[in-house]
Amino acid sequence: MAPDLRTRLGNVELPNPILTASGCASSGRELAQFIDVSKIGAVVTKSVMLAPRAGRPTPRMAETSSGMLNSIGLQGPGIDAFLQRDLPWLLSRGARTVVSIAGSTVEEYAELAARLSDAAGVTAIEVNISCPNVEHRGQVFACDPTDAGAVLAAVRSRARYDIPVFAKLSPDVTDIVAIARSCVSAGADGLSMINTLLGMVIDTETMRPVLAGLTGGLSGPAIRPVAVRCIWQVREALPDVPIIGMGGVMNGRDALELMLAGASMVSVGTAIFHDPSACARILRELDEELVRRGIDRVADLVGRAHDVKTTAGTRSRGTVP
Amino acid sequence: MSCLLVGGGYGSAPLFALADRLRQRRCSVDFLLGAASGDRVFGALTARRTGRSATITTADGSLGVRGIVTDMLGQVIHEARTDVIYACGPMAMLRQVTALARRYDIPVQVAVEESMACGVGTCMTCVLPVIGSDGITRMVRSCVDGPVFRGEQVRWDDIGTIPLDAFGAPGWESRAGRSPRPAPTRGGGHDLSGRGAAEPHAARSRQRAPERRPEHGA
Numbered sequence: 460m461a462p463d464l465r466t467r468l469g470n471v472e473l474p475n476p477i478l479t480a481s482g483c484a485s486s487g488r489e490l491a492q493f494i495d496v497s498k499i500g501a502v503v504t505k506s507v508m509l510a511p512r513a514g515r516p517t518p519r520m521a522e523t524s525s526g527m528l529n530s531i532g533l534q535g536p537g538i539d540a541f542l543q544r545d546l547p548w549l550l551s552r553g554a555r556t557v558v559s560i561a562g563s564t565v566e567e568y569a570e571l572a573a574r575l576s577d578a579a580g581v582t583a584i585e586v587n588i589s590c591p592n593v594e595h596r597g598q599v600f601a602c603d604p605t606d607a608g609a610v611l612a613a614v615r616s617r618a619r620y621d622i623p624v625f626a627k628l629s630p631d632v633t634d635i636v637a638i639a640r641s642c643v644s645a646g647a648d649g650l651s652m653i654n655t656l657l658g659m660v661i662d663t664e665t666m667r668p669v670l671a672g673l674t675g676g677l678s679g680p681a682i683r684p685v686a687v688r689c690i691w692q693v694r695e696a697l698p699d700v701p702i703i704g705m706g707g708v709m710n711g712r713d714a715l716e717l718m719l720a721g722a723s724m725v726s727v728g729t730a731i732f733h734d735p736s737a738c739a740r741i742l743r744e745l746d747e748e749l750v751r752r753g754i755d756r757v758a759d760l761v762g763r764a765h766d767v768k769t770t771a772g773t774r775s776r777g778t779v780p
Numbered sequence: 041m042s043c044l045l046v047g048g049g050y051g052s053a054p055l056f057a058l059a060d061r062l063r064q065r066r067c068s069v070d071f072l073l074g075a076a077s078g079d080r081v082f083g084a085l086t087a088r089r090t091g092r093s094a095t096i097t098t099a100d101g102s103l104g105v106r107g108i109v110t111d112m113l114g115q116v117i118h119e120a121r122t123d124v125i126y127a128c129g130p131m132a133m134l135r136q137v138t139a140l141a142r143r144y145d146i147p148v149q150v151a152v153e154e155s156m157a158c159g160v161g162t163c164m165t166c167v168l169p170v171i172g173s174d175g176i177t178r179m180v181r182s183c184v185d186g187p188v189f190r191g192e193q194v195r196w197d198d199i200g201t202i203p204l205d206a207f208g209a210p211g212w213e214s215r216a217g218r219s220p221r222p223a224p225t226r227g228g229g230h231d232l233s234g235r236g237a238a239e240p241h242a243a244r245s246r247q248r249a250p251e252r253r254p255e256h257g258a
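Residue numbers (the working numbering), protein chains in the order written: chain A, 460 to 780; chain B, 41 to 258.
Treat the hints as calculated values from the structure; they're not laboratory data.
Where a beta carbon is used, it is the ideal one built from N, C-alpha and C, also for glycine.
Among the hints, a few may not be true.
[Stated by the list, open to error] Covered stretches of chain A (chain B as the covering partner; in silico rule of three or more C-beta atoms under 8 Å from a C-beta of chain B): (1) 473–485; (2) 506–513; (3) 522–533.
Required output: the full structure, derived from the provided sequences and hints.
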């Protein structure tokens with residue numbers, strides 16, 4: 460019998476736990492020529508802001524060992540165009556949509572949440588708090604528990620009661636559990652982790668940084684162990700808070716690993732860039748991984764690595780140091 | 041129609057399919073291909089066999105004329121009585137071909153080259169500033185919004201920057217002439233690289249009033 464892949468996202472039931480990662484699937488339209496966007500768990504949109512935004516100058520990408528840096532700068536058409544064009548399209552295709560929002564002040568986030576609450580087709584809101592806070596000397600919201608909490612409280616209070624709100628956390632912090640706690644205390648229904656890690660590449664021929672924006676976000680397989688660690692730590696501290704896991708997931712086995720750490724859903728990002736059908740493929744592979752292990756329900760896997768007996772058994776065989 | 045197909049390095053590759061299509065439409069096809077050395081000129085033999093004329097340039101002089109394609113462009117345009125130019129190759133070449141085509145008042149289409157992550161329109165890596173038919177500059181994706189643009193639509197001087205009047209640039213609405221407030225001078229902006237914003241206002245004024253200086257030695 461095929462395993463039960465159904466997953467809960469707040470009040471909504473998703474047919475399966477594989478999502479796109481924000482920024483890697485635009486608003487789903489381009490991927491629709493490769494996959495049926497209604498067949499994956501949900502489409503997580505590129506972060507939408509209040510106003511249109513041109514982003515950062517090019518070059519915006521640098522390849523690295525087992526990963527890449529991007530410095531796009533949230534280029535996008537703004538919330539008006541998103542509500543008019545992208546969201547209705549996703550709804551018409553039967554996709555479940557997690558709308559990622561970004562702002563530079565707490566009020567911008569709150570206004571975006573309010574605008575989305577009046578629209579049809581919003582399954583959940585993912586709050587991208589890895590943006591500089593113009594009211595706090597450009598300090599990134601995600602790096603300060605108070606700022607992060609303020610954004611989540613504002614979004615939660617302005618978002619419709621039945622729309623789950625997830626906070627997307629940055630791994631570039633000393634104590635990710637402290638940020639996670641602050642977001643959950645402020646009203647976040649769940650957590651998404653991890654965003655990219657800040658990195659830099661210097662061209663040794665030109666002797667200058669490769670990216671026009673100087674620094675960029677590192678993604679891809681290189682960061683997967685960081686994602687697994689962050690998810691593990693937060694799951695350990697907040698075992699009842701649902702987690703959307705992401706970070707270098709390239710195949711079904713990787714998705715399984717994040718779920719074992721504590722993610723109940725998994726977003727696929729950088730893998731889409733070399734395989735636009737990656738979400739459908741990884742969903743198929745995850746199904747095969749479950750069948751191979753004789754697991755009937757994907758929900759049974761979530762956080763399984765925290766199980767004392769499982770951990771002890773693994774250690775006794777000495778396969779993990 | 042007399043069509044001139046200009047290719048730099050492997051940029052020649054897509055020109056041959058285009059040449060087939062143009063010949064089906066009873067256009068004559070001239071080639072102007074260049075590269076660093078003879079072994080890097082893609083399709084030189086095909087160009088000689090199938091083109092009405094084929095001019096080759098190499099930087100080291102190992103094949104054809106020593107120099108770069110734009111050295112020969114004026115001469116080829118005169119001899120072939122070119123009506124339209126299609127170009128594909130490095131951005132610096134496309135920029136020069138566009139500038140020369142405008143001096144001769146010849147329409148030019150270019151296939152641009154920008155580094156891409158996804159190639160299907162999702163990642164927003166391969167953007168460049170292009171003036172739309174509504175006169176507004178947008179950071180468009182070369183992979184799906186291009187890669188072929190009319191040469192004069194591309195803001196060559198501003199590639200690698202976000203022009204201050206581009207759609208979505210900070211304060212773009214006033215700079216794009218959308219309010220009575222006069223456009224401020226340079227400042228702020230996204231360019232953190234020290235590459236210079238390359239005078240976006242000058243580029244805009246050129247766009248409004250194309251320069252038509254007399255040709256000098258191509």
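Broken hints, numbered, in rising order? Result: no hint breaks.
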